[in-house]
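**Q** Fit chain B to the supplied structure of chain A, relying on the hints for placement.
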Amino acid sequence: MREAPELLERARELTGRRLKKVRLITDTSEFMNLETGDVLELEGRRYVLKGTEYEGRFGLDEQPKYWVKRALDWEDGSAKIIKLVFFEEFDMALGEITVRCYRSPAKEARILTLVQGNPNFMQGVTLLDTAGNQVRVLERIRGGPLDQHLQELSCCHQEYFERHLRRVLTKLSVAIEAIGWLHTQGERHGDVRRDHLFVDKDSGAWSWIDFDYNFEFKQNPYGLDLFGLGNVLTYAVARRDVTYHRVREEFPQAAEGLRPNDFSPVIKNRLMNLKKIYPYLPESLNNVLLHFSSGAGVFYERVDELMAELTPAIAELPQGEET
Amino acid sequence: MPIWNRILATVDEHDSSLQAVRYLAGVLGGSDACRVRIMTVYQAPEADAHPAKEQRADAAAQRKELLLDRLEEARQILVGARIPAYNVSTSLQEAGGRTIAETIMAVQRQEGFGTIVVGRRGLSKSEEFLFGSVSNSIVHQSTDCAVWVIS
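Each protein sequence line maps, in turn, to chains A and B.
For the record, in the first sequence the residue sitting at position 194 is 194 according to our numbering, with numbers rising by one throughout.
For the record, in the second sequence the residue sitting at position 141 is 141 according to our numbering, with numbers rising by one throughout.
Everything labelled a hint here was simulated from the structure, so no lab data went into it.
Heads up, some of the hints might be wrong.
[Said to hold, decoys possible] Here are the computed lysine-lysine pairs in the BS3-like style, where the Cα-Cα straight-line distance is at most 25 Å:
1) B/K64 <-> A/K268
2) A/K276 <-> B/K125
3) A/K201 <-> A/K171
4) A/K50 <-> A/K20
5) A/K275 <-> B/K53
6) A/K171 <-> A/K275
7) B/K53 <-> B/K64
8) A/K50 <-> A/K65
9) A/K50 <-> A/K21
Chain A with its partners taken away, still in its complex shape:
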């Protein structure tokens, strides 16, 4: 790291801020010390930092992710997300179960190479700093996560079902198949969530983001990804998470008929048997959702098993609107 007054003018121009100094960073190991205005130099390319990214999880308070920076390309000023190397190992609570997870920059770097040019996944390159850290430089997606996109369709659920669901699930099935393709390449997404599926406002593509989570598996290497896909699918059908509490408030009569088998085996208050509150849902689609419920005799272990039943179920939905 060194002070680089020769870079000050361009850094000010790009960031639009009255920076007092600029530092040139070639080793990103100490990412907590990085500041707005710092210029990263990675394999001959430069990026000026604009700030730290924050992440909220489903409406919870946003937390700073100090290893993820907003940045601008030095040459053309395009917006980038820069992910610095941060190893962590932690227990992820899924209902009553704890899963040992870890963050792997190497995994994300591998997948970025694998999905180059594939619009179903975020795009970017991995560049090494002078300490050998795999820094991922990502294209910023103009748009927002799936839940935000679906909330913009302001209508009641039945209207959503009749006018939009077929289109939404058709788009979602492309994203689900993309995860299946990833599995055929021997990789897992690792953190399939509705806020990790971004809708690009420019291209209309639905792209998975954030591939750096991983976990060790014993029998079913794709179980956690399938679990995530089930949650995203159920969310897309209901256009929200439906909890027991919510059913009691909004559908008191249906609440009386609910059984433990109607809920997720992992998140036990999340309703998967949506036909109990939305009776107009076709059996075929609801049967797919039931494979993610406690009542399922057999769980999906592979994406192609899921798609074999989801594709014909989508074909049965009302035609709705094309756009």
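**A** Leaving out everything else, chain B in the frame of chain A:
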């Protein structure tokens, strides 16, 4: 063509997997009629989880040692039940990217074992959903052999 009295008994790192071997000892004890292979599947620690080579090698060595101990315990249970030692063999198989069930089934097919013995740990519904069940997968995949699932 599988030979029915060639038995593939599987164990893993859990103590409970020896229950299946004890059951087998109870059924076959004193008999010279069957040949038993006790098998365990070794899954190498993933490089993503253990980026440092030395750390990965340590984790691999620990995991292998545990499995080899388990194989020896299982062998002693069978031999202790008066199954002739020459009829009992052990094997540690590398998964090499396959699941545990896939690895077991590959050995069964290649070597013509007519019977598979596998323990069942009593997973909760959510554990089975997230992680899969070895015994369930074996039951689903097996077509030309008997499967004994010991709970």
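**Q** Which of the numbered hints are not met once you compare them with the structure shown?
**A** Of the numbered hints, 1, 5 do not hold.
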